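Order-wise, the sequence lines are chains P and A. Position one of the first sequence corresponds to residue 1 (our numbering), numbered consecutively onward. Position one of the second sequence corresponds to residue 1 (our numbering), numbered consecutively onward.
By construction, these hints were calculated from the structure, which means they are not laboratory data. Quick caveat: nothing in here was measured; it's all calculated off a predicted structure. Be aware that one or more of the hints could be misleading.
Said to hold, decoys possible - Sample of chain P residues facing chain A (criterion: CB under 7 angstroms; computed from the structure):
id	residue
1	I3
2	V27
3	I34
4	G37
Unchecked claim - Derived, one-sided and incomplete: chain A residues facing chain P with beta-carbon distance under 7 angstroms:
id	residue
5	A208
6	T221
7	V223
8	E244
C-beta: ideal position from N, C-alpha, C; glycine also.
Each chain, written out:
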Amino acid sequence: MPIGAIVPRPGNASEYHTGDWRSQRPVFSPKHCIKCGLCFVLCPDAAIVLDQEGYPEICLDYCKGCGICARECFMARAKRSCFEMKDEEEFR
Amino acid sequence: MMPHAQRVGMEVSVAIAEAVQLADADVIAAYPITPQTHIVEHLSELVADGKLDAEFMCVESEHSAMSACLGSAAVGARSFTATAGQGLALMHEILFIASAMRLPVVMAVVNRALSGPLNIWNDHSDVMASRDCGWIQYFAENGQDAYDHTLIAFRVGEDPAVSLPVMVNLDGFIVSHMIEPIVRVEPEAIRGFLPPLRLAHKLDPDKAHTMGAFAMPDYYTEVKKAQDAALRNSMGVIRKAWEEFGAMTGRYYTAVEPYKCEDAEVVLLTMGSLGETASVAVERLRGQGKPVGLAKLRLWRPFPSEDIVRVVGGARTLLVLDRAVSFGAMANPVVAEIATLFYDRPRRPSIHSVVAGLGGRDVQPREFEEIFERALEAKREAPLAPLGQYELMGLSEQ
Numbered sequence: 001m002p003i004g005a006i007v008p009r010p011g012n013a014s015e016y017h018t019g020d021w022r023s024q025r026p027v028f029s030p031k032h033c034i035k036c037g038l039c040f041v042l043c044p045d046a047a048i049v050l051d052q053e054g055y056p057e058i059c060l061d062y063c064k065g066c067g068i069c070a071r072e073c074f075m076a077r078a079k080r081s082c083f084e085m086k087d088e089e090e091f092r
Numbered sequence: 001m002m003p004h005a006q007r008v009g010m011e012v013s014v015a016i017a018e019a020v021q022l023a024d025a026d027v028i029a030a031y032p033i034t035p036q037t038h039i040v041e042h043l044s045e046l047v048a049d050g051k052l053d054a055e056f057m058c059v060e061s062e063h064s065a066m067s068a069c070l071g072s073a074a075v076g077a078r079s080f081t082a083t084a085g086q087g088l089a090l091m092h093e094i095l096f097i098a099s100a101m102r103l104p105v106v107m108a109v110v111n112r113a114l115s116g117p118l119n120i121w122n123d124h125s126d127v128m129a130s131r132d133c134g135w136i137q138y139f140a141e142n143g144q145d146a147y148d149h150t151l152i153a154f155r156v157g158e159d160p161a162v163s164l165p166v167m168v169n170l171d172g173f174i175v176s177h178m179i180e181p182i183v184r185v186e187p188e189a190i191r192g193f194l195p196p197l198r199l200a201h202k203l204d205p206d207k208a209h210t211m212g213a214f215a216m217p218d219y220y221t222e223v224k225k226a227q228d229a230a231l232r233n234s235m236g237v238i239r240k241a242w243e244e245f246g247a248m249t250g251r252y253y254t255a256v257e258p259y260k261c262e263d264a265e266v267v268l269l270t271m272g273s274l275g276e277t278a279s280v281a282v283e284r285l286r287g288q289g290k291p292v293g294l295a296k297l298r299l300w301r302p303f304p305s306e307d308i309v310r311v312v313g314g315a316r317t318l319l320v321l322d323r324a325v326s327f328g329a330m331a332n333p334v335v336a337e338i339a340t341l342f343y344d345r346p347r348r349p350s351i352h353s354v355v356a357g358l359g360g361r362d363v364q365p366r367e368f369e370e371i372f373e374r375a376l377e378a379k380r381e382a383p384l385a386p387l388g389q390y391e392l393m394g395l396s397e398q
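Chain A extracted, bound-state conformation:
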């Protein structure tokens, strides 16, 4: 840790708002929705108090929030919004337009279960319904991670070689409403890390061009190919930003964070805050000499294939945690990608799908211990469900 680093206890939502303030955002267009509200609520206070020189647009819906961010980003203004659950669903169509237009909007998605039934608590069904929107997508494990990645998101998305919108996912309530010790980034340091936004293709009356025009079948394919290439090619900038952020703060991030994965026979792969819960289980089982490990996936798009293979490729059994169900599918979103990744590799772990924590259902370390034990023993009376099916943790039999 750097010598100046001081931990300050604050609500994570407030910390994210502070990160947006530190990034000196120009435009915030947002609509309040639980559990995201505190982020934009605090930002509106910062703007009203004159502590952040930004335009705060109170829009009438999330569809408008993202549309407004497109407009402001298009003129080269640093633009931020935040949403959750139904709000992300209402934004859905504009998400794809932001990435296709290559506009570096930054958004905090405070993950919340999609209705129905109506539920305000945490899972990943909201973001998984929008996973193919072409944004860079991070998953933060805790408050510090979410704060840091709000800053990193601006840096990466605005890089001229990337120019893409970036989503920072953090678990609703479990992360967003916690009071956590946060180490702030110093205002002097951020200037070197996050230069002013210079959007190469911004709207400019002196250099007129048309944005958001329609494309006929003879162009659409090429536009989509170029967009996919841009997202895939962002990996280099993502890694460089992590390196520089680490040099600045002492906090080094990676696409996949291993925890006791060396020599682990069974590895669990998680995204978001359940990584911390699972780490308690791993620590306990390791204390008993059991070879288990944890891989925490921080970067969801672009998908960090090489990193995943490096971290979990040596395991005998790989348990993949999903916080969303892909109804009627062969596999849930995360495990589907992992299974595809290993399909044509000569050496691959036995892969099993685990679903947990839907709609805010509490998940405890002992539940992870239980599934680890089952994977270790490969008990005949309780074999893990094969691919195509999944284990649903904490399911009531009633």
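Excised from the complex, chain P in its bound form:
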């Protein structure tokens, strides 16, 4: 046990896949996406990146399923959010 519970190898938090905590999964559909990037900016875990075309890609290793992307999606204002939150059970 290192003194003072220090972590001798910094930056190893990425090895811990917090996506394991997820109970709901955002499923992206490009139909109404205007590539505004709001989901990318607002994801609290930086689990969304934009692909070369500007569409979001969700990294399920770190996505905790908070649903912010689905709720804050620009198109959600027109009740056409690009993300649908589905129970994780459905994917088992």
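Add chain A to chain P, keeping to what the hints say.
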């Protein structure tokens, strides 16, 4: 006493500030609170006058004061703060982090009663509410003791084998605001006693590591076990530091200081300045041929079990003084430990709990004489309260 030793009359708070100056502290982060204010007030003067090359951080609370000390200690800077009463309570959560991170911060706690009701005077309710914070905890009996232990605290806490924060408790006003004759430690002598701080796990851009990270259930238990072991194992360094300090100054300290304990039938155990008051009572009663003694507990954490047994184990009756009440408990903080210590020993004194001097209530030698007399005579009409209850000295019946 060493030949160079010269006694200088000064306020104890000023003496503690001088000890911090002598230790050449790098960072002082503090918030003023009665009765601790004079310590940091004088330190701020020393820094402003260029007599101490340190960073003096005026923080907005004690919570910030301790947080700042964590940061400065983490980069290997010798860090000091002082507080009292509510200030210690506001620091509470950071105290535990300092010890868990093994950062050797030194703090003077000028003991003050916790509110409510609001009270600025002395008792030990502040430190007893924080007793399990994992710090090394000394209790000074007088100004010289407090001055010396401020220096000893840096030495012990910074020892690579210890690396723990250290608290020096001294009674508010009763000690902190007294003008006492203080024998200073010579600046030339201190260099040998207190080498520069070399924190093994300090923050270093060339050797990066993470401090203060969270720990999951699969690590937390082991971290706590290691922390407890570190505090327990500090005893050797504590004793060695006392020996070396004694060789340097002629002032030898021990974990428990006995006063007329040999052949004593009734022994009173105290922490802090009431030891001096009680010694007057012991001297008077001894003058009358009564077998009473006094044991002054200087080291509270780590708990010096062997020393206590050696000093008070032979007594028929042991009176344990607490300066704080553990509400609704089986026993008050100090007596609870003492009773536990003796529980499974074949030979043990009859142990009684005494509470005195809450919120600055004056305690006089005659009150100690009275309780000694009662313990000696074991009077049927006034038996001492059994464990589970306690005698409250000086209680008004109104």
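Here is what the structure says about each hint:
For I3 of chain P, the interface hint holds, since its Cβ comes within 7 angstroms of a Cβ in chain A; the closest pair sits about 5 angstroms apart. Given hint, V27 of chain P at the interface with chain A, is violated; its Cβ is 30 angstroms from that chain's nearest Cβ, farther than 7 angstroms. Contact between I34 of chain P and chain A, as hinted, is not supported at the beta carbon level, the nearest pair being about 38 angstroms apart and thus beyond 7 angstroms. Interface hint status for G37 of chain P: violated, as the beta-carbon distance to the closest one in chain A is roughly 31 angstroms, over 7 angstroms.
At a threshold of 7 angstroms, the smallest CB-CB gap from A208 of chain A to chain P is about 5 angstroms, leaving the interface hint in force. Taken as an interface hint, T221 of chain A does not check out: its beta carbon lies about 11 angstroms from the nearest beta carbon of chain P, beyond 7 angstroms. Satisfaction of the interface hint for V223 of chain A is found here, the shortest Cβ-Cβ separation to chain P being roughly 5 angstroms, below the 7 angstroms cut-off. Taking 7 angstroms as the C-beta cut-off, the interface hint given for E244 of chain A is violated, the closest approach to chain P being about 24 angstroms.
The structure fails hints 2, 3, 4, 6, 8 (numbered hints given earlier, in ascending order).
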